[in-house]
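**Q** Protein chains in written order, with the working numbering: chain G, 1 to 334; chain P, 335 to 997.
Wrong hints could be hidden among the right ones.
[Unchecked claim] Far from chain P, some chain G residues (derived; all Cβ distances over 12 Å): (1) Glu17; (2) Tyr58; (3) Pro162; (4) Pro211; (5) Val269; (6) Leu280; (7) Leu314.
[Stated by the list, open to error] Now the stretches of chain G that chain P is said to cover, found in silico as 3 or more residues with beta-carbon under 8 Å: (8) 63-70; (9) 85-96; (10) 172-182; (11) 190-204.
Everything labelled a hint here was simulated from the structure, so no lab data went into it. Every value quoted in this text rests on a predicted model; they were computed, and no experiment measured them. Ideal Cβ placement from N, Cα and C applies to all residues, glycine included.
Below, each chain spelled out in residue letters.
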Amino acid sequence: MANVAPKSPDRLLRWREWVWRELDRRLPNLTRRHRNEQLPITLNQRRVYIVPSGFGLYFALMMLAILAGALNYNNNSALLFGLLAVSLGAVSMLQTFRNLDRLSLVQVSADPVHAGDPLQLSFHLRCEDLRTRFAVTLRFDQEWRHVEVAPGRITQVEFALPSVARGWYGPPPVRISTTWPFGLFHAWSYLHSDVQVLVYARPETPPAALPRLPDRGRIGGADPGDEDLRSLREYQAGDPTRLVAWKASARTGELLVRQLEVPHARETVLDFNAIVGLDLEQRLSRLTRWVLEAERAGIRYRLQLPGLNLGPDLGPAHRLRALKALALYALPGS
Amino acid sequence: MRSPVLSPRQFEWTLAAFVATLLAHLLWLPAWLGATLCGIVLARWLQRRAYARAWPAWIKFPLLLAILALVVVAFGNAGTRQAGPTAALIGLATLKLIESERRRDGLLILTVALFLVTVLFLFEDGLGVTLYMVIPTLLIFLALNEVSAPPGTRGGLATQLGTLGREFLLLLAVVLPLTVFLFLSVPRLSEPLWGTRDNQPLARTGLSQEMSPGSITELIGDDTPVMRVTFPERQPPKNALYWRGPVLWRFDGVTWRSNNFANPGQSLGRLVGPQRGASDDLRYQVMMDPNDRRWLFTLDLATGFPADSSRTIEGLVERDRPVTSLYAFEAWAALDQPVPLWAAPSVQRENGLQLPPDLNPRTAALARSWRAAIGDDPIALAERAMTYIRSENFGYSLSPPPLVGAHRMDEFLFETRQGFCEHYAAAFVVLMRGAGVPARVVTGYLGGDYNRVGGYWIVRNSDAHAWVEILVDGRGWIRADPTAAIAPERVEQSGSSFAGQAIGDDIEWLRSLRERADAARAWWNNKVVRFDNLSQQSFFANIGVDPDDWRQLAGWMGGGLALLGLLTALVFYLQQRREPEDAARQIYRRFLKDLERRGVRAGASEGPRDFARRAAIALPQLESVIQRFTRAYEDTRYGVPDDASLNRLQRALREFRSALAQA
Chain G
1 MANVAPKSPD RLLRWREWVW RELDRRLPNL TRRHRNEQLP ITLNQRRVYI
51 VPSGFGLYFA LMMLAILAGA LNYNNNSALL FGLLAVSLGA VSMLQTFRNL
101 DRLSLVQVSA DPVHAGDPLQ LSFHLRCEDL RTRFAVTLRF DQEWRHVEVA
151 PGRITQVEFA LPSVARGWYG PPPVRISTTW PFGLFHAWSY LHSDVQVLVY
201 ARPETPPAAL PRLPDRGRIG GADPGDEDLR SLREYQAGDP TRLVAWKASA
251 RTGELLVRQL EVPHARETVL DFNAIVGLDL EQRLSRLTRW VLEAERAGIR
301 YRLQLPGLNL GPDLGPAHRL RALKALALYA LPGS
Chain P
335 MRSPVLSPRQ FEWTLAAFVA TLLAHLLWLP AWLGATLCGI VLARWLQRRA
385 YARAWPAWIK FPLLLAILAL VVVAFGNAGT RQAGPTAALI GLATLKLIES
435 ERRRDGLLIL TVALFLVTVL FLFEDGLGVT LYMVIPTLLI FLALNEVSAP
485 PGTRGGLATQ LGTLGREFLL LLAVVLPLTV FLFLSVPRLS EPLWGTRDNQ
535 PLARTGLSQE MSPGSITELI GDDTPVMRVT FPERQPPKNA LYWRGPVLWR
585 FDGVTWRSNN FANPGQSLGR LVGPQRGASD DLRYQVMMDP NDRRWLFTLD
635 LATGFPADSS RTIEGLVERD RPVTSLYAFE AWAALDQPVP LWAAPSVQRE
685 NGLQLPPDLN PRTAALARSW RAAIGDDPIA LAERAMTYIR SENFGYSLSP
735 PPLVGAHRMD EFLFETRQGF CEHYAAAFVV LMRGAGVPAR VVTGYLGGDY
785 NRVGGYWIVR NSDAHAWVEI LVDGRGWIRA DPTAAIAPER VEQSGSSFAG
835 QAIGDDIEWL RSLRERADAA RAWWNNKVVR FDNLSQQSFF ANIGVDPDDW
885 RQLAGWMGGG LALLGLLTAL VFYLQQRREP EDAARQIYRR FLKDLERRGV
935 RAGASEGPRD FARRAAIALP QLESVIQRFT RAYEDTRYGV PDDASLNRLQ
985 RALREFRSAL AQA
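Chain P on its own, in the form it takes in the complex:
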């Protein structure tokens, strides 16, 4: 039997389910590719409303080639493993839609859409997206329900208005516990069967190995979470939360760049994890969002860090592969301990003094004058520079006048005098180096927001910061934060609230709402997204089941499924017991309501015939219609109710109502 043609309703359900899935993928698809696909879907929708016919081959094949070409252009040589094939699949499914006329096409589209729902999570698995994906999933099943219904019947799970029907809600009541049970029970793999587990890198924002003008301002406007941190033992002061990121040494007059000290493979001064800090070190747990980089942002000085990572000569903790999915680790810090010169002291010193020659002569002169006045004590020179910044007419601004000339540090220090952490850190290092003190720029994050609901600190991109370290003989690299000199409140507040971007943070309920939402995200990340082989083992240990003993495992599975079976039986039993109002009774109820408005109210146990007699006495001019209606109603009650008798009842109600209106 040939697959039947999709009715308009069936086609539109299929389209809705597919579009809901496609919308989620627009998060990562290049905008122009997404726009093209949306345009095709829209055109197909309008066309099929006009007449039900597939698009001809001379449109289809050029479109196919065009879309594949777009995908190749977008992902061809980007070295991304999953993006290209997924984009191609989305394109093919969109093209399938333009030739989908029959039920089997619809079913194919819907299963591909279901596949795309799960594939999306390789790209994005935040709580918001996850919650949204419930919509396409339900739409896909509702569409399956409609499309698989034979011609002339309806699916019945969604009501005419598109809302969920009672049947579907009951189905979900059974399905959701089953899903949770299976989620807990399905054995997780400790090693992948093929490929690696790295998620698809997205274009993610975050710190980079460079600092050029504006690179930090960009981050300050971005409140993407970087990580969430819990201090289980004691809460450190907020101004001690300097989360260390890349260290920058080389300055060319505009941009600061990292050195090759800490490149992978450099073993000089490197300490390989896992390490545990001393007992009085500050212990903390980090849940890091994927950032596609290898840095783990830790507090100085990192004394404990996880396996698969190491502490470089610069004091930065690096993982041996990028953080491409949620990563949890435990770390220890000896707060405010300087970063020692673990190795290559002369190279570090030399690099810490590098300056672009013949640039910024006024700055260099200023630094030389300090050197001549104070001597070579690095601490005293640093304090001199701090005093200079504090006492001169400097200001903190996130939108400072742009620096455009060749001598940008001169321009900043002597002319514009407006800037934020990246300006102050850069100027400070140039001043120190000019005065003969080895110095370097450290980028990272400062502070964070304490979430009172979840009891953790959340660090966002907007907390991005740059500070300075100077080399003090015998002690190592000591932190100096010139931004604290010009804007001490930045150190006390989070980046976004200091920048005045956290609108409504002073409105208590709004703030509390935000904290709750983020705590939910953190909970979801912790409990669901990160539920792996190890968490599964500890889950089984907690409920007292040994997953390696097959009998205990079978007992758990069997017991769980039996309980779910009981739940199912209960739900189905309740469904059967609840009496839906049948059509006849509904019509009769309308009749009663009309009479009630005229002051004739039916007694609780009054039969239709007795009531009719009483109503006829109260409203004698309506006697005949009341009697006729009641007889029609009794026919449906005590005879075999069928369409004809219901129609008679309906007609009788109409008669009664028109008589009532005239009376």
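Chain G on its own, in the form it takes in the complex:
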């Protein structure tokens, strides 16, 4: 590339731009894989590419040999069967294309997951006409699935992939291909939907204790002293040092803190700013865990993030709002 226009990088840049523009115009499928599209995406002749497969090329050579032999020996029966095979092969190109044509990706769905858990992506395929699509292959993230798509119903193809970071996740394009019916031709296309999947923040493990508000009726009662010590638990970053049970820690070799059993109210506040000594992601992790814990224990909770205040409330809708807020907090573009 440097040899093409060493003196004027501008020209090179313009040339590259022009190439991409032309490609975009003439071969939309090649560039389309870089763009997201709204569902449903229906395959058509402008999106499906088809080339002979390796086996197809070998088959063609074999057929050439057969036809040359038949013509040379003027053997019409051999020629007839050779031509029958050639015709079957040639028409199979149309069949291969039609095996993808008018096939739609109607939906990409995923159950929400927390970062680190496997993300189960489900691609929903549908025939737009009344033909069964045999032997269709989907490739996604270096994995293959082979399916048959029957007309009049949705066929789901599942892929699992690891989710890494919280926030919106746009799955990479899925490659759909087929060599049906005879393996002589290979047709393919890329389906790149604009579907975004929400990945929640990773819940902290092991879980930190849910902060509890003391029961209003008993405030000012017994001092939370050693008498109320019921159990010990492992130290977690952020625990106040005064709760460390030094003697017990020395005995077990692990840093233990006293867990206070205070009569609690059925409501709590999950405050971002109340967590100290942790970075942003760790705080979000802890809050996420607390949201899950509170939901599980049936304790109404309020989520306080800088600039955002949710609740107090309880239930799926509240949980969803809270997890979503935590997933998207302080991410660029959200």
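Could you slot chain P onto chain G? The hints should help.
**A** Only chain P this time, still in chain G's reference frame:
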């Protein structure tokens, strides 16, 4: 990515396609070689059913060597150009099968099988074989369909039962016209690019240059077609159809052999083709099946015959190379004209009098007595011999008592007196020669069957015949058929029907069916097998396209392909329009049928909900199941149908049915 392991279904499809191809090749492979290959295939099939593993090298390599050795033994020095390599290829493909575990092996086997399908036609291209070959071809493509399907999916062209699926039938609807179009359009070569065009000689039956006891009986049991003949102008009487073959002169007491008069290279008395007969000669067209010999069987006297052939001094028309594929020619005959002494009269006369010395003394004595009584008039002597055969106690039999002694003609003429054309012709010649009349045996075919459907005569090996020619001064060799004296009906009937072998010829529909089948064979041979450079040119001339003008040719090709494209579009459109019944509707239909049996019939335009209400009133004890089923059905109709909702519907149907059974 490593090629995936063949599933049992994929392996069995591959095996089926290969076996179907192999079966056709058993037609020409030596039986023991074919049996060996079939045994290997069978063993492989059973083994892979038990466990999917290739055979180990210590079995494979000895087998490989053994099969190659068998091929060398079978074809090593037979001078056959295509048989050896083809047999070796079949053997190698069979061995490939025993180590085929993965998809790429399967695909290789299938393409080799496709190659073998076409190679077969170098050996055999009759209509029956051709029709059969459709089966392996389709099986190969169905197997390709199965084998190329990725793991866990099916090919879809064949249904579970192995019959052709709708998709495949539609594919064929497009493919067959395309094949015919390409067949007509692919330019034929007027000259081969390499090698010669001769097909592989098979061990074919037919007349040979010898006649020993039993050689003609063998042919009479063989109804292989020799040729089909059309008389475009006038039909000759059946008893005039003496199709001339090799002429036999030398007799050693047992066997009759030909002379070297008519050997290739002998130019004496030879007339080189092409020749056209006179205007009042009988003109006819012959489509000859390959017989690997050079003789063209013609009627006497051959006055017109094609190029590349010549008429020998014996009156036999010979081609300059063997007839190894279907050969069509036109010929003329001056019927019943004797074969003149074109050259070497004294040599012919001398050879026509040869007899093995000191053999058959009683025959010789009989002949000498006639000579003494009648004189030297050949015609009178021949009539005397005919009278003798007719009046004495001779009989016609295809299974006569065997002649075993040294004096076989004596034995036949004076003791057994049972025989057929070869006996009578031989005895007649010996009698004539003994009486001093030059005579010779002519072999060939007599008559044939008229096919009313195709309007042609078919001559079969079973029409094989032997007759006699005697030399009459000033006229030439005149035909005398002693068989006609003992069994005149043989001359009027075809060989097989006279021998009582044409079972059912008197059953009209059976006979007509046979004629139709043979007419189809003749049509196929004429129109398809023999479609060559010349026929292609005349085809183009008929449709008004000049194949030498590239623009017209391009127009034909373009127009044809465009039409085929339209046909394809139409077929695909129809395929798309025809609504296959979806699963939910099928289940609903079963529900309707069950209720119909209970006397509740759905109206033509009645919705599922209205019908359910009505059915619940008619069968109140089933109300809940009917409602449940209908709701499940509506879910699949108006929601997004998926597996779960279909399963629910299926379950609802089961519930409904068990409730129905209890009610």
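**Q** Let me make sure I understand: some of the numbered hints might not hold for this structure. Which ones are they, in numerical order?
**A** Hints 2 and 11 contradicted; others consistent.
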